[in-house]
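J.: Make the full structure from the sequences, and use the hints.
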Amino acid sequence: MIIYYQNVRGLNTKLTDLYLNSIHCNFKIIAFTETWLKPHIFDNEIFNSEFEIFRYDRLNRKGGGVLFAVHSSIPSEEVDVPHADFIEFKCIRICANSGHIYLTLSYIPPHSDISVYMQHASLISNVFSMVNDTDSMIVLGDFNLPCVSWKSIDDHTIPISTRLCFNEFLDEMSELGLNQINLISNEFGKLLDLVYVDNASMFSVVRCDPLVRPEDTYHPALEINIEIIANFAYNNTQDLCFRFNFAKANFKKINYELSKITWPDYSGNIEFSASHFNETIVNLFEKYVPKCVVTQKISSNLWFSKELCKLKNRKSRAFKLFKKTGLVANYSKYSKLRRQFAELNKICYNNYINKVKNNIIRNPKLFYGFVNSKRRISNFPSAMKYKSSMSSDNHTISNMFAEFFRSNYSPKSPQNVPHQHKLCPISVINAPTISEADVLNQLNMLEQSYNYGPDMIPSCFLKKCAKYIYQPLTKLFNSSLMQGLFPSIWKKSFIIPLHKSGFRSSIENYRGIAKLSAIPKLFEAIITDDITFRISPLISCSQHGFRKGKSTITNLLEFVSHVSTGFRENKNTDVIYTDFSKAFDKVNHSILLNKLDLLGFQPIFLKWVASYLSNRIQQVIFKDTFSDIINVPSGVPQGSHLGPILFLLFINDISSVVKFSKVLLYADDVKLFKTYTSNSERCQLQTDLNNLVSWCDRNDMPLNLKKCKTMCFSRRAVDPTSYAIQNFRLEQVCSFVDLGVTMDPKLNFNLHASSTVFKAKGALSFVKRWSKEFRDPLTTKILFTSLVRPILEYASVVWNPSYQVHSDKLESVQKQFLLFALNHLHWDSSLNLPPYINRLKLINLPTLASRREMLGIIFLVKLMNGSVCSPSLLSDINFNVPARSTRQFRPLLLKFSRTNFELNEPFRRICHDFNSHSSTFDLTDSLFTIKKIILSTLNK
Numbered sequence: 001m002i003i004y005y006q007n008v009r010g011l012n013t014k015l016t017d018l019y020l021n022s023i024h025c026n027f028k029i030i031a032f033t034e035t036w037l038k039p040h041i042f043d044n045e046i047f048n049s050e051f052e053i054f055r056y057d058r059l060n061r062k063g064g065g066v067l068f069a070v071h072s073s074i075p076s077e078e079v080d081v082p083h084a085d086f087i088e089f090k091c092i093r094i095c096a097n098s099g100h101i102y103l104t105l106s107y108i109p110p111h112s113d114i115s116v117y118m119q120h121a122s123l124i125s126n127v128f129s130m131v132n133d134t135d136s137m138i139v140l141g142d143f144n145l146p147c148v149s150w151k152s153i154d155d156h157t158i159p160i161s162t163r164l165c166f167n168e169f170l171d172e173m174s175e176l177g178l179n180q181i182n183l184i185s186n187e188f189g190k191l192l193d194l195v196y197v198d199n200a201s202m203f204s205v206v207r208c209d210p211l212v213r214p215e216d217t218y219h220p221a222l223e224i225n226i227e228i229i230a231n232f233a234y235n236n237t238q239d240l241c242f243r244f245n246f247a248k249a250n251f252k253k254i255n256y257e258l259s260k261i262t263w264p265d266y267s268g269n270i271e272f273s274a275s276h277f278n279e280t281i282v283n284l285f286e287k288y289v290p291k292c293v294v295t296q297k298i299s300s301n302l303w304f305s306k307e308l309c310k311l312k313n314r315k316s317r318a319f320k321l322f323k324k325t326g327l328v329a330n331y332s333k334y335s336k337l338r339r340q341f342a343e344l345n346k347i348c349y350n351n352y353i354n355k356v357k358n359n360i361i362r363n364p365k366l367f368y369g370f371v372n373s374k375r376r377i378s379n380f381p382s383a384m385k386y387k388s389s390m391s392s393d394n395h396t397i398s399n400m401f402a403e404f405f406r407s408n409y410s411p412k413s414p415q416n417v418p419h420q421h422k423l424c425p426i427s428v429i430n431a432p433t434i435s436e437a438d439v440l441n442q443l444n445m446l447e448q449s450y451n452y453g454p455d456m457i458p459s460c461f462l463k464k465c466a467k468y469i470y471q472p473l474t475k476l477f478n479s480s481l482m483q484g485l486f487p488s489i490w491k492k493s494f495i496i497p498l499h500k501s502g503f504r505s506s507i508e509n510y511r512g513i514a515k516l517s518a519i520p521k522l523f524e525a526i527i528t529d530d531i532t533f534r535i536s537p538l539i540s541c542s543q544h545g546f547r548k549g550k551s552t553i554t555n556l557l558e559f560v561s562h563v564s565t566g567f568r569e570n571k572n573t574d575v576i577y578t579d580f581s582k583a584f585d586k587v588n589h590s591i592l593l594n595k596l597d598l599l600g601f602q603p604i605f606l607k608w609v610a611s612y613l614s615n616r617i618q619q620v621i622f623k624d625t626f627s628d629i630i631n632v633p634s635g636v637p638q639g640s641h642l643g644p645i646l647f648l649l650f651i652n653d654i655s656s657v658v659k660f661s662k663v664l665l666y667a668d669d670v671k672l673f674k675t676y677t678s679n680s681e682r683c684q685l686q687t688d689l690n691n692l693v694s695w696c697d698r699n700d701m702p703l704n705l706k707k708c709k710t711m712c713f714s715r716r717a718v719d720p721t722s723y724a725i726q727n728f729r730l731e732q733v734c735s736f737v738d739l740g741v742t743m744d745p746k747l748n749f750n751l752h753a754s755s756t757v758f759k760a761k762g763a764l765s766f767v768k769r770w771s772k773e774f775r776d777p778l779t780t781k782i783l784f785t786s787l788v789r790p791i792l793e794y795a796s797v798v799w800n801p802s803y804q805v806h807s808d809k810l811e812s813v814q815k816q817f818l819l820f821a822l823n824h825l826h827w828d829s830s831l832n833l834p835p836y837i838n839r840l841k842l843i844n845l846p847t848l849a850s851r852r853e854m855l856g857i858i859f860l861v862k863l864m865n866g867s868v869c870s871p872s873l874l875s876d877i878n879f880n881v882p883a884r885s886t887r888q889f890r891p892l893l894l895k896f897s898r899t900n901f902e903l904n905e906p907f908r909r910i911c912h913d914f915n916s917h918s919s920t921f922d923l924t925d926s927l928f929t930i931k932k933i934i935l936s937t938l939n940k
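Sequential numbering of the sequence shown, starting at 1, is according to full-length UniProt numbering.
Quick caveat, the hints were computed from the structure, so don't treat them as lab data.
Where hints are given, some of them may not hold.
List of simulated lysine to aspartate or glutamate pairs, EDC-like, C-alpha gap at most 20 Å [what the hints assert, rightly or not]:
| no. | residue 1 | residue 2 |
| --- | --- | --- |
| 1 | K253 | E279 |
| 2 | K931 | D913 |
| 3 | K595 | D585 |
| 4 | K709 | D688 |
| 5 | K707 | E731 |
| 6 | K463 | E286 |
| 7 | K190 | E215 |
| 8 | K862 | D913 |
| 9 | K355 | E343 |
T.: Right, here's the structure in full:
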């Protein structure tokens, strides 16, 4: 086993060439210091398909910091160590049978003060405190000590420099029992790269060929051999899974067989009926759908041909033979194969890029498949940790995920929860009767997918065979509703872990994505369509989640309009942002059913809902390995159609407990706010918060106290008021990200504009990096408008900047893209470039400012025609009825604004823009026509 360690300056070779020509099958752990690479250079699907990347990038100085690349066969994780100023430092832990190996990698700039070295010694001490008796430690780094003389190395003594004043630093390393074992000097006879180990007998350092040439004369490439690596417990085998390959299924014969089947009426036991239907379909799959082997690791090299794969394998075998024998003849053979592989790889890659570019209109999926492959970061780490356990075995990891997801659920709901019955229900909601036309329409609307859920029936089969299965499916669905039972075969789902943030090796940093079977989702879609219209009047107007015509935009705009109204009246607004702990997973079934009973769900339909919720099971899929069964005692099924509707009905009465304040909801996101002039009014907000906490206790829906915050919106300085949940005092913040928009106390949205520009520039870097292959401004325009511009325009109706300086910052992102997209025109730098507006017209792009204005007008048009549902905002629209005819008629009446803030208040600004453009379009025109007219007017 080998660790490759090299300090690479000015590395400008392509990562693809670096990986394919040098790294593959050579080294298991690679360490780079002072790489002078941009932070994104190793975010490459080729490299990450084989290696897990751990890096620390420089932010304030030129260069790339330090980087570890650990082969996926080695169980590894990052160690969280506080960072010090002026030191690039990264620590990782390798898992072994006999213990762990801790590796640290450092870069200390030249001529650093003694305090910097002392800070580094402190970092090493922190790591050393984690090392047990069975563990080992390696400290690598470029310490920039060119005058230190290393004369002797043994287990107990470490040489100390006689020329520099770093005795304390070296003594600290010696006290930790770390010995410096690298004696390979650079071409100038200096030793900058040091290798400290805790047991010199286990390690050896030798000179080796560099990954890239020319080699840095100051830093020779080092190869560190570790004997203990032989004891590592990593899983080097690949799990194999046989799956139906529906891409090659013979649907013609399947349809023929289906046409000959005489289906039963399915009026008997629904469990037997659903199982019979499923078994009949799967038997056809066994005959007419081939099976394929899906491996744990799927190659992401989309351009690889069979010839290229064979040549790659031959090259790898030749390298292993050369490493084993050391003969020049074997090296010549390896060199020849490497050269042939590089040439063929370049040809295959260029052919693939041309294919993607030429089919961008006819086959956009191919183009976005290429884009997504570039955006994809590394897969799951080789080893993962949950609580105090760490493992690299796939089945063990899947069960660790299962244990974590199981902990999100509440204990089994009590069977009888007391509630207050009403003499008359609010409404009468019966189970719907499903017609064959309903099922056939839903089948034809399905998206065609070859992936399938637990019942092994994909949506592509349902869509392609719709005319032969819609009748038996209709019988099954109606039988299920009449019996009030939801078949068990439809209650199972798969859970796929998805990383959220933080260390990728920590299982707590993942959330689960549910994969349900296609048939029950079809059933739910029909039920949801039928009952949504009947339950819509029952849902609070304050709820904006999962509702037609409502969105995060309506939620935010209503809140901002309320706060702005308070500002106009010289009032302040306090808001409390709350956060539920795993709200969708913790819904108490008994409480939910009692609420549905009160709302008017009839007994047989209520029985069906109870059956739909109860006795559900899940399995985690991790690298084609299944976990043990997870029983689901609480919550509504995520990824379903019916689950969000049931959750809205569960949380619906939360508005009734808020007596003195306002409340806005977006699914489980709840904010309470109160506009006030006196402290007594502020106390009412605390009263409503107490009522909300009591509601949470009654409904078994706990709050995540650490994420609950409070904020004061005011145009002037005010004394802060503390709010508390029981004995926990809420933190008062100066900014808060509310549904993706950063709120600030004065509602000027400067912070949000800055963060938006930062995010957009990150996305633009990706576009510039991976669209170089196309050299076509129209292609790069598609990337920009689909990946970058949505970031710049999200919720712009709410936060559209009123000052030119902020608008220019946003526009600068599009200007950067424009210079890149038109770079192939090779404009001479001595010539004056065309104005920005004229350059935009070359690729038919409008300015961002004009698009924001257009989006505001379109929002108002949708509000007027009913596409957007917000009674609160609609009541703020005042139509102008002039006493006499004028040349410039303004359809909306706007009050006089005393201040710039009132003039630029979001909803008022939208109305003003509407008045300015109302004469250019008609409200009966299509939205596409209105957009086109407005943009053409603004970009003349």
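J.: Confirm or reject each hint.
T.: Structure-based check of all given hints:
| no. | hint | verdict |
| --- | --- | --- |
| 1 | K253 - E279 | holds, 17 Å |
| 2 | K931 - D913 | holds, 13 Å |
| 3 | K595 - D585 | holds, 17 Å |
| 4 | K709 - D688 | holds, 15 Å |
| 5 | K707 - E731 | holds, 9 Å |
| 6 | K463 - E286 | holds, 19 Å |
| 7 | K190 - E215 | holds, 16 Å |
| 8 | K862 - D913 | holds, 15 Å |
| 9 | K355 - E343 | holds, 19 Å |
Every hint, counting from the list given before, is met by this structure.
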